[in-house]
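Engineer: Numbering-wise, the sequence shown is residues 1 to 974 according to my numbering.
Everything labelled a hint here was simulated from the structure, so no lab data went into it. Among the hints, a few may not be true.
[Unchecked claim] Listed below are the simulated DSS-like cross-link pairs for lysine-lysine, each with C-alpha atoms no more than 25 Å apart in a straight line: (1) 449 x 548; (2) 476 x 314; (3) 118 x 604; (4) 748 x 796; (5) 604 x 796; (6) 575 x 958; (7) 968 x 528; (8) 49 x 752; (9) 470 x 449; (10) 394 x 226; (11) 941 x 915; (12) 796 x 118; (13) 465 x 487; (14) 824 x 314; (15) 558 x 968; (16) 408 x 451; (17) 824 x 752; (18) 151 x 49.
[Unchecked claim] Derived DEER-like restraints, expressed as beta-carbon distance ranges: (19) 371 x 217: 48 to 54 Å; (20) 91 x 377: 39 to 45 Å; (21) 704 x 594: 40 to 46 Å; (22) 837 x 889: 51 to 57 Å; (23) 606 x 867: 27 to 33 Å; (24) 962 x 506: 27 to 33 Å.
Yeah, the Cβ is synthetic: ideal placement off N, Cα and C, and Gly gets one too.
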Amino acid sequence: MGPNIFVSVVSYDSKSFRIGGKRRFIFSGEIHYFRVPRGLWYDRLLKAKRAHLNTVASYIAWNWHEEEEGVYRFDGDRDIETYINLCRDLGLFFIARPGPYICSEWDSGGHPNWLYAKTNVFRTVKEPYLSYALRWYDVILPIVKRTLCSKGGATVMFQIENEYFWGNVPLHFALYEKAREYLGDDVPIVTNENRYVHSTPIIDTIDSYPDPWVLNEFERKIEEVKKSQRDKPLMFMELEGGWFSIFGKPLPTERGSFPAGWTEMLVKTAMARGVKAINFYMFHGGTNPEYFTAKYITTTYDYDAAISEWGELKPRYYAIRRLGLFIESFEDLLTEAEESEIEVLEGEADVFCRKIGDTSLVFIRNIQDKSICVKIKVSDVEVPRIPVPPKYMKIVLVNYVFPETLFKLKYSTFEPLLVTRVGNRVVAVFYGDENEENETVLESKTPIKVKSVSSKEVNVTVADKVIVIKHVQGRKDYLVELTSEDKTLLLVFTTKERAGKTWIFENSLGKFIAISDIYFMREADGNKVVFEDYIDSKRTATVISPVKLPGFNEILEKVYNVEIEFSAEKLPSLKLTPLNEAFYEDKPSLNTMTEIKPYTPLEKAGFYRNGFYEYIILFKLREKPVNNTLYFSLVNDYAVVFLNNNRIGSGYRCFEVEAKDLKKENELYVILEATGHNNDGMLPILNGLLNGIYLGKISEKEISSWSYYEIPSLKEVYEKGIVSRIDYSLLLNNPLATEEFNKLIELKKPPKEVKEFTGSGVYEHVFELNEEDLRHSYILELHEGRGAILVFVNRKHAGSWLSWDRGRKYSFDISDYLKKGLNKLELIVIDSKGVGRLLLKTYQLKVEGTWRVIEGTQGIREKWFEEKPSNALKTIEKCFWKYWRLQVNVPQKILAPLKITIDSNCRCLIYFNSKLIGRYVPEGPQRDFYVPEPLVREENKIAVMCIPVGEEPKVEIKAGFYTTTVLKEIKIFP
1 MGPNIFVSVV SYDSKSFRIG GKRRFIFSGE IHYFRVPRGL WYDRLLKAKR
51 AHLNTVASYI AWNWHEEEEG VYRFDGDRDI ETYINLCRDL GLFFIARPGP
101 YICSEWDSGG HPNWLYAKTN VFRTVKEPYL SYALRWYDVI LPIVKRTLCS
151 KGGATVMFQI ENEYFWGNVP LHFALYEKAR EYLGDDVPIV TNENRYVHST
201 PIIDTIDSYP DPWVLNEFER KIEEVKKSQR DKPLMFMELE GGWFSIFGKP
251 LPTERGSFPA GWTEMLVKTA MARGVKAINF YMFHGGTNPE YFTAKYITTT
301 YDYDAAISEW GELKPRYYAI RRLGLFIESF EDLLTEAEES EIEVLEGEAD
351 VFCRKIGDTS LVFIRNIQDK SICVKIKVSD VEVPRIPVPP KYMKIVLVNY
401 VFPETLFKLK YSTFEPLLVT RVGNRVVAVF YGDENEENET VLESKTPIKV
451 KSVSSKEVNV TVADKVIVIK HVQGRKDYLV ELTSEDKTLL LVFTTKERAG
501 KTWIFENSLG KFIAISDIYF MREADGNKVV FEDYIDSKRT ATVISPVKLP
551 GFNEILEKVY NVEIEFSAEK LPSLKLTPLN EAFYEDKPSL NTMTEIKPYT
601 PLEKAGFYRN GFYEYIILFK LREKPVNNTL YFSLVNDYAV VFLNNNRIGS
651 GYRCFEVEAK DLKKENELYV ILEATGHNND GMLPILNGLL NGIYLGKISE
701 KEISSWSYYE IPSLKEVYEK GIVSRIDYSL LLNNPLATEE FNKLIELKKP
751 PKEVKEFTGS GVYEHVFELN EEDLRHSYIL ELHEGRGAIL VFVNRKHAGS
801 WLSWDRGRKY SFDISDYLKK GLNKLELIVI DSKGVGRLLL KTYQLKVEGT
851 WRVIEGTQGI REKWFEEKPS NALKTIEKCF WKYWRLQVNV PQKILAPLKI
901 TIDSNCRCLI YFNSKLIGRY VPEGPQRDFY VPEPLVREEN KIAVMCIPVG
951 EEPKVEIKAG FYTTTVLKEI KIFP
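Work out the full structure, taking the sequences as your base and the hints as a guide.
Structural biologist: Structure representation (structure tokens):
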């Protein structure tokens, strides 16, 4: 990628994107600047570059830049322009993804929380949302414009909206027109996952997160877009690079771990199907800062990605590197080749072929648990016995002419890694598994001579203009140098592991290749190369040089065997010292708090930040409750409850506690943690104590008998022209005002009686109440929602719920919609299976009284994370703080990312040198918290805020290193 490429207009046709007129296979990785401290941007982007990605993508989170209305921040970790320019400086293109909606397991899907005070309906063309969204574009687009590739910058693509699966093309067009106003035709404008834009100028892209070794839906999406968007290139804006983690589920992701070989199979399947642009989501996940996460998302956003949260290179990284090297060498072939027929002579496998001229790329996929051998015939070439390991997809190159030589590769049963010129010869590297048999056949227009062979283990047979090379791959590299007339070709056969760790660097002498087992090449500058590897490891490299290198062990002409020991004279060390006993917080005084109307969402009361809040509710009992059950029907998200200075319980979302020591006049003191808003951006679930707090449980009944009226899917009514558009946000929040809702109800089929939810439809349940019953409160509690659920009581919309809400249960107070006599409850289930269980709960009393709230807790407000309080007495069992001193000594040339490990039965906030680095919950899964290197000093202080939630509180921490690697400098000329 030469410097002039960064002054280019980006265009496209059905085959591929073009940058500066040249066809490019976009090979990209998602790295979010807002999840990586600025001081680590270079490291993470360098690792992307070294993986032979040519592009980096990032969402641009609106709320990261306009957390406070009208106050825009682009400094420090928010300096997106510097981030994009750093991509350019490293030779990487950039894809800008500024929403307004981004998903990303990020608070409100990127929307600023002050927007909830303006409207509840996001992602719509309705006002006032659209005006605010376009105002955000007016802020971010001038920055993107300055970084366009056509102006010497890195930006080659711009994405509007994200994952609007249901259409709403008018919203997309409003965003598209605003983007074109600033960007002109210099870059393509795309969206992600909206099939309804296919007949518009907007390019639709694919995202897919399949379970390992299940490819049906992945391939279906490719074929769907290929057929209905024929004039545009196929692109994965999000190809599964892992998954996220949430409270109470396992690590590294809530769905388990994803094998590196699975990622490789996905990429190769996409290539085989004609995809010409791929972005891994995520390539490096990073860390969720403070409370910018979506609901219940962990601090770590490691994502099981190619680069770990702390910067370590994982097996997925090297699998992607191999693909990156391949794409770099065979980009023209990949972007020009068309689908072609191929004959499978033997073996059970999925085989695909892409062909241009006489050259074919054959993709052989083995989804089985055992190795197979496949025999194929393509054009005039029969390739015998291609071994394919279990759960693997192999690329076979057929009839390929090596550039600047007279040699044609008829076939190799090993996979191609790279082809490039080094000095006066062309070098081609192929790889396979250890102990795998290889057969490689080449021909030339003139007689072939074998100049050298590195090992007797390689069998070379020459018959004038044809040569056959056979060997069984060992741990070492095997080299065969051939000449034909004055053209030289050096073939290298290596293992899959060493192929993934093949490093290329250039200086004034030319290009060098190091086929190795070395962890990372950090620097290559002038006469030196700096490698990185784990301490005490011993590595080898086969270095192919353009010139003679005195002082190195030459095994063939200008080919050297280099052995490197990664030793360290001194290891990193830590010393952790506890400083004192706990410091306890006190309740806030009433005159420091804000009085609010009961059950007012915090955002509607002007409190826009997530995190901890304290409530004091003073209430009187108007009558004696039938029992002491106290029900919090809707808490967002976790509450610790004290009644008259005694802790009585805690829980998420909807929970009951026993209200001991009830009096005529009572004080409820609640510490609430708002973990973040849902990231769907469709249906607001606001922070605070909502819906109702109830006393005196009368009954609880599971509703399990329904009259079911089947309705069609939204996609069906749109495609049949029954509705002109689908505004999904409006449908959820105000269904009676939408055309699509009314049409769905008109199309319902005759009823049938059912006992459970079975799919899309209207579910009716009728129940009777008398005058006495209406004195009570009635709450619907929904469990395990699946899809969109609209709740109606006596034809009035009582609320909606989306299964994307990770709370797994939700409630609605339907008391105000009820009447004497028969009442009709309707659940309209859209494009889903409904709910797992539905409870109708009845309570005697609803808590009202005087409500006050204050943001933070005493320690947070008074910044105890910066300095210990001078005096703090234990009054009730609420928040307490503990402190440690940590000494860190990391010698020069050693890299040792630091972690703090916590073991506690409390909810905790972890501060390192006054910076919040982690949110801990007892149910896990996260115990280790990464401390970014720019935050670490020799002398460090750790403060942990703890909120007891059950038994006798305890908190212990440890400090350690995730890994220790050392830098080793190699001088080319000693």
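Engineer: Hints first: check each against the structure and report whether it holds.
Structural biologist: Hint by hint, here is what the structure shows:
Using a Cα cut-off of 25 Å, the hinted pair residue 449 and residue 548 holds, with the two alpha carbons roughly 23 Å apart. For the proposed pair residue 476 and residue 314, the alpha carbon gap of about 22 Å is at most 25 Å, so the pair holds. Distance check on the hinted pair: residue 118 and residue 604 sit about 9 Å apart at the alpha-carbon level, within 25 Å; holds. Taking the CA atoms of residue 748 and residue 796, the gap is near 18 Å; set against the 25 Å cutoff, the hint holds.
Between the alpha carbons of residue 604 and residue 796 the distance comes to roughly 23 Å, so the proposed pair stays at or under 25 Å and holds. Proximity of residue 575 to residue 958 is assessed by CA-CA distance (about 10 Å); at most 25 Å being required, the pair is judged to hold. A C-alpha spacing of about 10 Å is found between residue 968 and residue 528, which places the hinted pair at or below 25 Å, so the restraint holds. The straight-line distance between the Cα atoms of residue 49 and residue 752 is roughly 60 Å, outside the 25 Å bound, and the hint therefore fails.
Distance check on the hinted pair: residue 470 and residue 449 sit about 16 Å apart at the alpha-carbon level, within 25 Å; holds. Taken as a hint, the residue 394 and residue 226 pair is honoured in the structure, with Cα atoms around 23 Å apart against an allowance of 25 Å. For a cut-off of 25 Å, the pair hint linking residue 941 to residue 915 stands: about 10 Å separates their Cα positions. For the given pair, residue 796 sits about 24 Å from residue 118 by alpha-carbon distance, which is consistent with the 25 Å threshold.
The suggested pairing of residue 465 with residue 487 holds, with an alpha-carbon distance near 14 Å, which does not exceed 25 Å. For the given pair, residue 824 sits about 56 Å from residue 314 by alpha-carbon distance, which is inconsistent with the 25 Å threshold. The suggested pairing of residue 558 with residue 968 holds, with an alpha-carbon distance near 22 Å, which does not exceed 25 Å. Note on residue 408 and residue 451: the hinted pairing holds, with a Cα-Cα distance of about 17 Å set against a maximum of 25 Å.
Taken as a hint, the residue 824 and residue 752 pair is honoured in the structure, with Cα atoms around 16 Å apart against an allowance of 25 Å. Pair hint residue 151 plus residue 49 holds up; C-alpha atoms about 22 Å apart against a cutoff of 25 Å. With their beta carbons about 27 Å apart, residue 371 and residue 217 fall outside the hinted range of 48 to 54 Å. Take residue 91 and residue 377: their Cβ atoms lie about 41 Å apart, and the range 39 to 45 Å holds.
At roughly 43 Å, the beta carbons of residue 704 and residue 594 sit within the given window of 40 to 46 Å. In this structure the supplied range 51 to 57 Å holds for residue 837 paired with residue 889, their Cβ-Cβ distance being about 56 Å. A C-beta distance of roughly 29 Å is found between residue 606 and residue 867, which places it inside the suggested range of 27 to 33 Å. One distance hint, 27 to 33 Å for the beta-carbon pair residue 962 and residue 506, holds here, with the actual separation near 32 Å.
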